[in-house]
Each structure stands twice: as C-alpha cells, then as structure tokens.
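Residue numbers (my numbering), protein chains in the order written: chain A, 1 to 361; chain B, 1 to 361.
Take these hints with a grain of salt, some might be off.
Identical chains share a label here; the pair holds if one copy fits it or two copies do between them.
Restricting the straight-line Cα-Cα distance to at most 25 Å, the calculated cross-link-like pairs of lysine to any residue (SDA-like) are [unchecked claim]:
id, residue 1, residue 2
1, K244, I357
2, K194, I69
3, K156, Y327
4, K95, P109
5, K117, G211
6, K194, F63
No wet-lab data here; the hints were simulated from the structure. Since we're looking at a predicted model, the values are computed, not measured.
Protein chains: 2
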Amino acid sequence: MLSQTRVDRVIKEMKERGLNQMLISDPVAIFWLTGKWIHPGERFFGLYISTGKTPIMFINALFQFEEEIGVSKVYFTDTDDIIPILKNHINSEEKLGVDKILPARFLLPMMEQGVAKGFINGSIAIDETRAAKDALEIEIMRESSRINDACMEEFKKLVQPGITELEIADQMLDIYKAHGASGYSFDPIVAFGKNAADPHHMPDQTALTEGDCVLFDVGGVYRNYCSDMTRTFFYKGAPTEEQKRIYNLVRKANEDCLEMVKPGVIIGSIDQMARDIISDGGYGEYFTHRLGHFIGIEDHEYGDVSYTNHNPEKPGIVHSIEPGIYYPQANIGVRIEDLVLVTEDGHEILNHYSKEIEIIE
Amino acid sequence: MLSQTRVDRVIKEMKERGLNQMLISDPVAIFWLTGKWIHPGERFFGLYISTGKTPIMFINALFQFEEEIGVSKVYFTDTDDIIPILKNHINSEEKLGVDKILPARFLLPMMEQGVAKGFINGSIAIDETRAAKDALEIEIMRESSRINDACMEEFKKLVQPGITELEIADQMLDIYKAHGASGYSFDPIVAFGKNAADPHHMPDQTALTEGDCVLFDVGGVYRNYCSDMTRTFFYKGAPTEEQKRIYNLVRKANEDCLEMVKPGVIIGSIDQMARDIISDGGYGEYFTHRLGHFIGIEDHEYGDVSYTNHNPEKPGIVHSIEPGIYYPQANIGVRIEDLVLVTEDGHEILNHYSKEIEIIE
Numbered sequence: 001m002l003s004q005t006r007v008d009r010v011i012k013e014m015k016e017r018g019l020n021q022m023l024i025s026d027p028v029a030i031f032w033l034t035g036k037w038i039h040p041g042e043r044f045f046g047l048y049i050s051t052g053k054t055p056i057m058f059i060n061a062l063f064q065f066e067e068e069i070g071v072s073k074v075y076f077t078d079t080d081d082i083i084p085i086l087k088n089h090i091n092s093e094e095k096l097g098v099d100k101i102l103p104a105r106f107l108l109p110m111m112e113q114g115v116a117k118g119f120i121n122g123s124i125a126i127d128e129t130r131a132a133k134d135a136l137e138i139e140i141m142r143e144s145s146r147i148n149d150a151c152m153e154e155f156k157k158l159v160q161p162g163i164t165e166l167e168i169a170d171q172m173l174d175i176y177k178a179h180g181a182s183g184y185s186f187d188p189i190v191a192f193g194k195n196a197a198d199p200h201h202m203p204d205q206t207a208l209t210e211g212d213c214v215l216f217d218v219g220g221v222y223r224n225y226c227s228d229m230t231r232t233f234f235y236k237g238a239p240t241e242e243q244k245r246i247y248n249l250v251r252k253a254n255e256d257c258l259e260m261v262k263p264g265v266i267i268g269s270i271d272q273m274a275r276d277i278i279s280d281g282g283y284g285e286y287f288t289h290r291l292g293h294f295i296g297i298e299d300h301e302y303g304d305v306s307y308t309n310h311n312p313e314k315p316g317i318v319h320s321i322e323p324g325i326y327y328p329q330a331n332i333g334v335r336i337e338d339l340v341l342v343t344e345d346g347h348e349i350l351n352h353y354s355k356e357i358e359i360i361e
Numbered sequence: 001m002l003s004q005t006r007v008d009r010v011i012k013e014m015k016e017r018g019l020n021q022m023l024i025s026d027p028v029a030i031f032w033l034t035g036k037w038i039h040p041g042e043r044f045f046g047l048y049i050s051t052g053k054t055p056i057m058f059i060n061a062l063f064q065f066e067e068e069i070g071v072s073k074v075y076f077t078d079t080d081d082i083i084p085i086l087k088n089h090i091n092s093e094e095k096l097g098v099d100k101i102l103p104a105r106f107l108l109p110m111m112e113q114g115v116a117k118g119f120i121n122g123s124i125a126i127d128e129t130r131a132a133k134d135a136l137e138i139e140i141m142r143e144s145s146r147i148n149d150a151c152m153e154e155f156k157k158l159v160q161p162g163i164t165e166l167e168i169a170d171q172m173l174d175i176y177k178a179h180g181a182s183g184y185s186f187d188p189i190v191a192f193g194k195n196a197a198d199p200h201h202m203p204d205q206t207a208l209t210e211g212d213c214v215l216f217d218v219g220g221v222y223r224n225y226c227s228d229m230t231r232t233f234f235y236k237g238a239p240t241e242e243q244k245r246i247y248n249l250v251r252k253a254n255e256d257c258l259e260m261v262k263p264g265v266i267i268g269s270i271d272q273m274a275r276d277i278i279s280d281g282g283y284g285e286y287f288t289h290r291l292g293h294f295i296g297i298e299d300h301e302y303g304d305v306s307y308t309n310h311n312p313e314k315p316g317i318v319h320s321i322e323p324g325i326y327y328p329q330a331n332i333g334v335r336i337e338d339l340v341l342v343t344e345d346g347h348e349i350l351n352h353y354s355k356e357i358e359i360i361e
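Chain A on its own, in the form it takes in the complex (with noise of 0.2 Å):
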C-alpha cells in the first residue's frame, strides 16, 4: 500500500530541490513507497509523483495485479512505446525529476520526444528519505544483523583442513534460510590468505592452509531488509606478530570510528579518523577503499562514508563501518565490518559479533 507518509517526504525534498513532478524508475524505491516489488527486467516500469495528483504506476501488462494500492495504474504491453504513454501523463511544460538509474534508452527518445521541458536527476529527494529509517525498518534491520551475527558463527564451523572457499560459500545460503533470511544480500566473499587481500576477491578453489587468515565478508536480507558483516579469522599457525599488528590496527580503526557515530558528526571525519589511525600505524596506502556505505533494502544505498562526504549523520541512517588493510607481502587481507544506527542522541551497533582475534585450529 502507498505510503502517503514517504510520498509526501519525497515530495518536500522534490520541491526543495525545484520539482513538482518526478518519474521514479528503481524498483526497489517504489517498493518503499508503495509496498509493489515488481522485477521488470528490461521492461519499462515506473511511478510518476507530482503534487497534489494520485501518483501514476506504469506497469507492462505481464506484471499486472488487481488490489487497489493507492495509485492510478496505466498498463502496457511488450508492443507498446512507452515514451508517447507517458508523454500523455506527464507535463511537458516543466521539467522532470528522473532518478539516477533511469537507463538511457528510455531518457534519450524522452528527450528527443519532448516528454518534459527538462530533466533533472531528482535521485537525491528519495535517497535522502530513505537514507533516514523509520522504525518499522530499525527494527526489521537489527533483527536481520542479529541473524548475520548467529550465521557468522555456523560459517566459522566451516573453517576445516583442506576445505576451498568455493566450498563454504555454497554452503552459506542453506544456513541463511535456516535461520529466516531469504537470500543473500550479496554473494558472499570467502578468501583464504591472500586472496583476502583483494577486497572484492570472489570465492575460488583455493584450499585452506595452515597459516592462512579467513576472511568472510556476508549478509543476508530479512523482510526485505539487508545486513552486512565482516569478520577476519586465523588458521593454524597464523597469524604472525606483522598479522596480529595489522588486525589489532584494523580493529581499532573500525571500534574507534564506532565510538564517533552520532547526529551533527561530520560522516567524512569518521572516514578520516579510520584513514588516520591505519596511516599512524604505517599501512595508510593499503587502506585502498571508503570506510562504509549506507545500507538497508538494498546492500549499497545512496550516502556512503568516505572522506569527501561532507553531510552530518542523521537520526535514522544505517551504514557500514568496514576499515581494511589489504597486505599481500605479509599473507594477508584484513577487514573489520559493522552496521551501526544513527541514534537521536548516539549510535547502536547492529552486529554483536566478537572481534578478539580467534584462531581456527
């Protein structure tokens, strides 16, 4: 069912921005507002808002569905041009909030079609919405990081001799649903030693060896909602004095920049504090990524935290703090990851997951 609550936010921060109408394309963000997932694949679906008028849904026949959600419904079919059907419902004597993932063949003929006297990327009105959860999210996100939490500890029972990480990720799924997720909220990272040096290494047929560290870096979604973990473990015989030093660097980093979260605070300062402390400890230039992203229907939202963001957290935001040092001349990847919630007056860490150094033996 439409939200009239989150229509009427978006359209606040649309008006703010110069728009009166915007026609929203991202599935998912439709999803938030009006309670209708639909996949269109490469099919044309999207929501028109525009003050004071019932929002219009753009639905290609084969998706159609009869309760009545709050919005006009103009269906199409897979031989319909779209461009003239929206042409009739959006006003061409003003110009156009679109978001930023409307693809360009459906921007381009709406440009050369006159659709609208302009076109604005009006992403940012929804992002900035969604960026601060209600409580119905808040709550539905601490329970799917509580479950990230439980599944981390089966995923460590993984960790035997000579087992390949291909070999535990494909066990990753089973465990999510046993314990009420879904599916992932992206496929998991599983490397063994050095491969835990490449940030986005994908699970592969390395064998685990004595020595190695064993990164997992896992989600999964619950209720529509994602979480997002990171954990860093040891093998036999690791990790070395170099290892423990740049686990320890890395902890810190990801448990001091916890520490800064709350409303006001600058979110690049967070990013500087991680970059600083890991730069101290003499790692700086193998800090290779931002510090985190925003998070919550889907694993990498609008808003992420890196030192060029210059934006204070809010009351509501969720996202990553995930610090890294990717070290290959010592065997080694390490990352440290948490959601944590932008409290009125602090901060909540959403995963309870130890980070003491475990060794696997």
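Place chain B on chain A using the hints.
For chain B alone, kept in the frame of chain A given last:
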C-alpha cells in the same frame, strides 16, 4: 583478452550508424569484448572504443588487475569525479554512442559538462553483433542446454505429495551445480495449478494438490552462457479434457514455430504463427506475452520474438520459443519453451527434453 574480431565487428556496425566513438558501460558487453568481467555495482565502469585507437577501459581502483588484455587502463578511485576523466579521453567535437543501460546519473552530467557533441543510444551496434553467436559460443550454449535437459529430469523427480513450490525451487541450485552449471540464469519459476496461470509467478508456500499442473521455467549458466526451458507436467488426476486440449494447443504452437526457424524468415511472423494457432484453438486472449527472446551471456538479450520484430532470422542467433496459455478458469497455465539456434540453412533445437504429456503419479 580483447577480441579484435568482435571490436572490429562492432566498429563496422557503429560506422553504419554514423558513430566513430562509443562508451560502453554494460559489464556484460565489456566481458564479451575483452574477456574481463567486473561487477562494478553502482560505480562507473566503461570501455571506450574509437576508430583506429586502442580501447580504453575506465576502472575503479578497487577492481584493478595486472594482466594485459589489450586495452589502455585508466584508474580512478571512489572519491574521484569520473566525468572530467572521461572528458579527457573522449572527443568532445563528435557525437558519442552510449549504451542503452547507461544510467542518468552518468549521462546527465556528461551532457551538462559537454563530454561529447551529442549522445546517441548506440547499443544496437553491439547488440546486433552479439546476437549472432560464433562457433565457440554455440558450442557452449549447446552444452548449457544439455545440462538444462538433464536437470529437468531431476526436477521432475522432486514432485512428491505435499511438497511446496519453494521446497522444490530451493533444491534446484544444487542440482544445477552438480551438473556443472555455475548458477541460475534466472530465479526458477515453479508453479502449481492456478499459480501457473501467472506467467511470472514466483515459487511460494503453495503445496502440491491432486489435479495440479506443474510448471518449471528454469535455466542454468554454463561457462557464462544461459539456458532457459519450460515444461509443464501434470500431477495425479490431471489433465482434464480441457487441460489436455490447452496443453496440446501450446505444444503445437511450440513445434510449428520451431519448424519455421531458418535464415531469412521474418522473426515477427513466427510470433504471429503462434498467435494464430492459439487463437484458432479459442485461447488467443490467454497468450499474453511475446513468443520468445534472444539469449546468450544473458538470459534476456537484445532481440525479441514478437510480431513487431520485422527483422529476419540470421545464422548464429539463439532465441527461445515459448508459447503459453494462462487460463485460471481451468486451474491451469501451460508454457512449453525451447531454445533454438538459427543455422546456415535451418535450425537446431538446443533442448531435447520430451514434450509428451507426462502425468506424475
């Protein structure tokens, strides 16, 4: 490694459309051209090709790689603005082909900052080239569909009293992997009885009941190429006479349409044939989608088999033929789908799974 043959074929198609430069941002197209598959998420990733120049790959530093693959690499980080970097390499005095999926968040600022003299959806140049599979691709797709046939045999065995759609769907991934596929080409559709009358039904907790039809629309990925097949079985008590009539009508549409496939035949006429057969049988209005879609690295590639497609079949094209009748009044939906390859002088059906009426007792 960059396939110069494929790049040359694309450049030829570009020139026929008046384009000398193109920025490709579809990771699948880039993989097809370079052999390098990167999953950039929301980050920019692009391949710039231009007559007589070495292609340039724009890569987020997170995804850096060492091997030489025949492109110039331009790295950037999460905190860089990609638009001026693109502007440094793209000829701003000429129009630029972009691909259909380029999102507004990149396209709108490229326009505002004058990265090129005009922007054209140039995807067709790639899509037309990709549609005609080469010998290696055909070999792989044959094997991919062979795996799908073998998996269908196993899926049928899962149809047991009281089982739910979801319980069957949850077992499919392991079966694909056991047969050598790396994953799904799309989330499998498992639909019992009336649920099958929704062509896009997602498996749910519906339990199998006597008199149900059982529809499986499934596909796996083998060496990056997709399979896709649908079969509709019957469970105890089904089919009724009317259900049998519906099944045989869909089967006739499937078989007669497959028979038509050869170079030169107008693709839309095949769709029309299916529509005529089903209309003549009295169920025309219950066949609610196009007859098929092209397929390859992606389950749905450019090119559809619908009556509005006036292009002729060409050797190397692989597409589905999937007529259906969705008729909840008789507690049934039937779809029968095979993949077919257009050969030099006819066609080759890639699926060999039986289409006889099968009643699971």
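Evaluated hints:
| no. | hint | result |
| --- | --- | --- |
| 1 | K244 to I357 | within (8 Å within a copy, 64 Å between copies) |
| 2 | K194 to I69 | between (51 Å within a copy, 23 Å between copies) |
| 3 | K156 to Y327 | within (22 Å within a copy, 49 Å between copies) |
| 4 | K95 to P109 | both (15 Å within a copy, 16 Å between copies) |
| 5 | K117 to G211 | neither (63 Å within a copy, 56 Å between copies) |
| 6 | K194 to F63 | between (46 Å within a copy, 16 Å between copies) |
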